[in-house]
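For the protein sequence lines, the chains are A and B, in the order given.
Residues 269 to 672 (the numbering used here) are what the first sequence spells out, left to right.
Residues 269 to 672 (the numbering used here) are what the second sequence spells out, left to right.
Hint data in this document are derived by calculation from the structure and do not stem from the laboratory.
Mixed in with the good hints, there may be bad ones.
To be verified - The following label-pair restraints were derived from C-beta to C-beta distances:
(1) A:474 - B:606: 31 to 39 Å
(2) A:276 - B:618: 46 to 54 Å
(3) A:515 - B:649: 53 to 61 Å
(4) B:520 - A:474: 22 to 30 Å
(5) A:562 - B:649: 33 to 41 Å
Stated by the list, open to error - Derived lysine to aspartate or glutamate pairs resembling EDC-like cross-links, with alpha carbons at most 20 Å apart:
(6) B:606 - A:438
(7) A:606 - B:394
(8) B:515 - B:561
(9) B:518 - B:649
On a predicted model such as this, the values are computed, not experimentally measured, just so you know.
In this text, a Cβ means the ideal position worked out from N, Cα and C, and glycines have one as well.
Number of protein chains: 2
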Amino acid sequence: MGNEIKNIKNGNICSPKGFIAGSIFAGIKSPGQDKRDIGIIFSETDCVSAGTFTQNSVVSPSVTWTKKVLQDNRLRAVVVNSGCANCAVGEQGFLDAKETAEIASKSLSIDLDSIAVASTGIIGVELPMALMRKFIPQIELSDSDGPGFARSILTTDKRTKEIAVSFDIDGSEITVAGVAKGSGMIHPNMATMLAFITSDISIDENVLKETLSSSVNRSFNQISVDGDQSTNDTVLIMTNGNANNKKITKIEDCDKFLEALDEVCIFLAKEIAKDGEGNTRLIEATVQGAKTEDDARKATKYIVSSNLVKTAVYGRDPNWGRIMMAVGASQIDLDESKIEIFVNDIQIVADGIATPYNHQSVVIAMNQPIIRLTVNLNVGENTAKAWGSELTEEYVVFNSAYTT
Amino acid sequence: MGNEIKNIKNGNICSPKGFIAGSIFAGIKSPGQDKRDIGIIFSETDCVSAGTFTQNSVVSPSVTWTKKVLQDNRLRAVVVNSGCANCAVGEQGFLDAKETAEIASKSLSIDLDSIAVASTGIIGVELPMALMRKFIPQIELSDSDGPGFARSILTTDKRTKEIAVSFDIDGSEITVAGVAKGSGMIHPNMATMLAFITSDISIDENVLKETLSSSVNRSFNQISVDGDQSTNDTVLIMTNGNANNKKITKIEDCDKFLEALDEVCIFLAKEIAKDGEGNTRLIEATVQGAKTEDDARKATKYIVSSNLVKTAVYGRDPNWGRIMMAVGASQIDLDESKIEIFVNDIQIVADGIATPYNHQSVVIAMNQPIIRLTVNLNVGENTAKAWGSELTEEYVVFNSAYTT
Numbered sequence: 269m270g271n272e273i274k275n276i277k278n279g280n281i282c283s284p285k286g287f288i289a290g291s292i293f294a295g296i297k298s299p300g301q302d303k304r305d306i307g308i309i310f311s312e313t314d315c316v317s318a319g320t321f322t323q324n325s326v327v328s329p330s331v332t333w334t335k336k337v338l339q340d341n342r343l344r345a346v347v348v349n350s351g352c353a354n355c356a357v358g359e360q361g362f363l364d365a366k367e368t369a370e371i372a373s374k375s376l377s378i379d380l381d382s383i384a385v386a387s388t389g390i391i392g393v394e395l396p397m398a399l400m401r402k403f404i405p406q407i408e409l410s411d412s413d414g415p416g417f418a419r420s421i422l423t424t425d426k427r428t429k430e431i432a433v434s435f436d437i438d439g440s441e442i443t444v445a446g447v448a449k450g451s452g453m454i455h456p457n458m459a460t461m462l463a464f465i466t467s468d469i470s471i472d473e474n475v476l477k478e479t480l481s482s483s484v485n486r487s488f489n490q491i492s493v494d495g496d497q498s499t500n501d502t503v504l505i506m507t508n509g510n511a512n513n514k515k516i517t518k519i520e521d522c523d524k525f526l527e528a529l530d531e532v533c534i535f536l537a538k539e540i541a542k543d544g545e546g547n548t549r550l551i552e553a554t555v556q557g558a559k560t561e562d563d564a565r566k567a568t569k570y571i572v573s574s575n576l577v578k579t580a581v582y583g584r585d586p587n588w589g590r591i592m593m594a595v596g597a598s599q600i601d602l603d604e605s606k607i608e609i610f611v612n613d614i615q616i617v618a619d620g621i622a623t624p625y626n627h628q629s630v631v632i633a634m635n636q637p638i639i640r641l642t643v644n645l646n647v648g649e650n651t652a653k654a655w656g657s658e659l660t661e662e663y664v665v666f667n668s669a670y671t672t
Numbered sequence: 269m270g271n272e273i274k275n276i277k278n279g280n281i282c283s284p285k286g287f288i289a290g291s292i293f294a295g296i297k298s299p300g301q302d303k304r305d306i307g308i309i310f311s312e313t314d315c316v317s318a319g320t321f322t323q324n325s326v327v328s329p330s331v332t333w334t335k336k337v338l339q340d341n342r343l344r345a346v347v348v349n350s351g352c353a354n355c356a357v358g359e360q361g362f363l364d365a366k367e368t369a370e371i372a373s374k375s376l377s378i379d380l381d382s383i384a385v386a387s388t389g390i391i392g393v394e395l396p397m398a399l400m401r402k403f404i405p406q407i408e409l410s411d412s413d414g415p416g417f418a419r420s421i422l423t424t425d426k427r428t429k430e431i432a433v434s435f436d437i438d439g440s441e442i443t444v445a446g447v448a449k450g451s452g453m454i455h456p457n458m459a460t461m462l463a464f465i466t467s468d469i470s471i472d473e474n475v476l477k478e479t480l481s482s483s484v485n486r487s488f489n490q491i492s493v494d495g496d497q498s499t500n501d502t503v504l505i506m507t508n509g510n511a512n513n514k515k516i517t518k519i520e521d522c523d524k525f526l527e528a529l530d531e532v533c534i535f536l537a538k539e540i541a542k543d544g545e546g547n548t549r550l551i552e553a554t555v556q557g558a559k560t561e562d563d564a565r566k567a568t569k570y571i572v573s574s575n576l577v578k579t580a581v582y583g584r585d586p587n588w589g590r591i592m593m594a595v596g597a598s599q600i601d602l603d604e605s606k607i608e609i610f611v612n613d614i615q616i617v618a619d620g621i622a623t624p625y626n627h628q629s630v631v632i633a634m635n636q637p638i639i640r641l642t643v644n645l646n647v648g649e650n651t652a653k654a655w656g657s658e659l660t661e662e663y664v665v666f667n668s669a670y671t672t
């Protein structure tokens with residue numbers, strides 16, 4: 269026993285030992301009840317860290333700065349602002365990202381190159397450095413402000429997204445925690461996904477990089493809200509070793525950690541997909557029986573990214589033709605005559621063709637808050653999942669009605 | 269002169285010498301004013317032909333049949349039905365595609381393997397062969413039923429799409445004509461794009477294949493209505509040599525033909541993009557100054573495919589951040605600090621950052637029926653264009669309200 273992964277009640281990024289956080293409202297975004305727009309995560313000791321970033325060719329200088337400091341890999345803190353993406357502002361962007369780290373370096377008394385920065389919000393507008401200079405030094409760090417930090421990174425998200433889980437390695441309790449903001453379109457310019465993960469595990473840097481990348485491929489890379497990738501997308505993990513476990517140096521020894529990391533990342537990814545603008549329900553696509561894991565991942569991603577599937581789900585329409593088409597569009601290996609399709613466990617396609625089902629049962633199944641679309645390709649042993657939002661009139665109104 | 273490309277008034281697929289057509293209403297789709305649902309294009313002599321087809325892994329057996337007969341390359345006719353896609357119906361699909369060709373073979377008194385077939389409409393439903401058997405023999409061919417054929421391939425399209433142009437090679441008048449149906453979502457299952465091109469030019473088979481593929485890359489492959497690729501997409505060209513020009517045997521000798529073919533294909537592609545469901549206006553994206561033509565094509569395709577750009581255009585919002593993001597998401601070679609963006613010729617971004625412009629002028633520009641978004645990357649000499657529809661509430665309503 270003692271070896272299962274436990275969910276921590278009210279868990280947040282301060283749950284792992286040695287992490288504290290703080291947040292403040294500086295006025296970068298418009299005011300509102302209990303709003304915050306600058307947040308800091310701080311580790312009391314040096315961390316081993318890893319990150320994955322947007323693949324967009326246009327990148328926020330905040331991302332450029334953070335990639336640079338990650339090379340030294342002795343991160344102690346991350347400073348995040350919401351309301352301004354610090355992107356497409358010319359050379360001033362990098363100067364501002366660096367100055368943000370400098371301000372935090374002084375106020376936290378740690379080295380400049382141990383500080384990552386991240387930004388989310390409007391693009392094409394310079395970071396209001398006067399506010400950054402005034403408010404960052406006022407941020408108070410404590411082990412109780414994880415939830416405050418979670419609020420400080422939100423933009424159009426309807427709710428905070430945070431989680432912590434723990435498990436045991438040879439008597440040491442390890443905690444992994446995460447916080448994220450959604451990829452829902454940001455008023456007025458773009459979608460950004462940010463996620464920060466903290467853990468007190470002691471782990472080798474290369475093993476950490478490998479586990480993060482593998483977890484991100486199963487979680488954040490498997491969601492679709494509106495299909496666009498932002499200039500600021502960042503997933504960052506900091507591990508400070510405060511759990512005092514025997515340092516993990518081989519990928520073979522971190523099954524349990526990987527499982528916990530998956531739980532954190534998949535939870536956050538699903539929360540993001542659920543919180544897309546104009547969105548009320550979650551689509552979960554599962555592809556089974558694929559020749560490779562990559563095939564399964566690609567096919568599920570196509571299903572949740574298809575506007576036709578998204579609108580069909582919104583219309584409670586068990587439109588298996590659209591699901592077949594999305595799977596086919598992914599151009600993976602398949603044998604059409606072996607395909608089975610299920611909507612919330614009710615089979616609607618067998619041997620690649622429609623099978624008789626009770627229409628009303630399926631429509632009722634499609635009224636659930638989570639709509640599970642399962643495709644069995646029956647050509648192999650691999651499975652993957654992906655999550656997406658519906659496409660609603662509200663999405664269109666939200667994203668067209670605002671004029672910059 | 270006589271060497272420019274002339275548009276033919278009321279031109280249609282019967283404009284090139286030696287082509288006739290016919291159409292009929294068989295009841296495969298629901299009846300309505302002047303509806304037709306089976307059509308035939310017929311060449312009085314053997315054709316050299318070429319085709320490009322859907323890349324979807326799930327393919328209609330009608331496509332499979334047509335690919336097969338194209339290998340022999342002595343096409344005389346194509347039989348098209350709308351209302352039923354003949355897809356995802358198991359092995360019956362291929363039998364029905366073949367029988368369709370057999371029926372036409374008898375009624376037209378030509379070889380079975382000189383007949384291509386194409387289908388569009390609902391998937392998962394078998395072709396109503398009783399109707400095919402009864403009505404195909406009743407179709408009367410003439411040189412005046414090009415417009416009837418154009419109607420017979422429509423599904424949710426609001427209007428027919430047809431064009432013919434002519435030019436001169438060494439005293440021979442060459443005509444190139446085309447007809448298409450849109451990729452707008454087909455009630456209730458999927459989007460299919462069909463295009464048929466006829467010409468009386470005398471041309472070598474391999475040169476024809478190369479020109480078709482190059483034209484399709486600049487036209488049909490550069491449009492986005494809802495981003496999904498259908499199981500039935502087909503572009504087919506038939507050339508019968510009746511213009512009696514000296515046979516073109518080298519790609520270097522067919523500049524004029526390629527230009528005419530581009531004119532036909534780009535016209536039809538734009539008509540399809542304009543006719544997307546819930547769509548009233550056309551987005552035309554141009555990327556200039558790219559390092560390669562492929563880069564330019566990719567970037568324009570990303571712009572017109574982005575839900576965020578589509579909704580911004582619908583909202584008359586000159587949201588250059590979304591355009592920058594779409595260009596960046598294509599992961600092409602670029603230098604952010606050199607990017608310029610124009611909306612209908614009004615510059616809104618210079619050196620990668622917002623430039624002052626009269627907001628009201630841009631909003632007025634965005635009220636035009638065609639919204640031209642132009643990006644100059646300033647890193648090379650290559651240009652490409654792509655076309656897309658807006659994303660409107662009506663699209664969502666249309667695609668969600670119908671329950672299969």
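Results for each hint:
no. : hint                      : result
1   : A:474 - B:606: 31 to 39 Å : holds, 37 Å
2   : A:276 - B:618: 46 to 54 Å : holds, 51 Å
3   : A:515 - B:649: 53 to 61 Å : holds, 54 Å
4   : B:520 - A:474: 22 to 30 Å : violated, 55 Å
5   : A:562 - B:649: 33 to 41 Å : holds, 37 Å
6   : B:606 - A:438             : violated, 56 Å
7   : A:606 - B:394             : holds, 18 Å
8   : B:515 - B:561             : violated, 30 Å
9   : B:518 - B:649             : violated, 26 Å
Violation of the numbered hints given earlier is confined to hints 4, 6, 8, 9; the remaining hints are satisfied by the structure.
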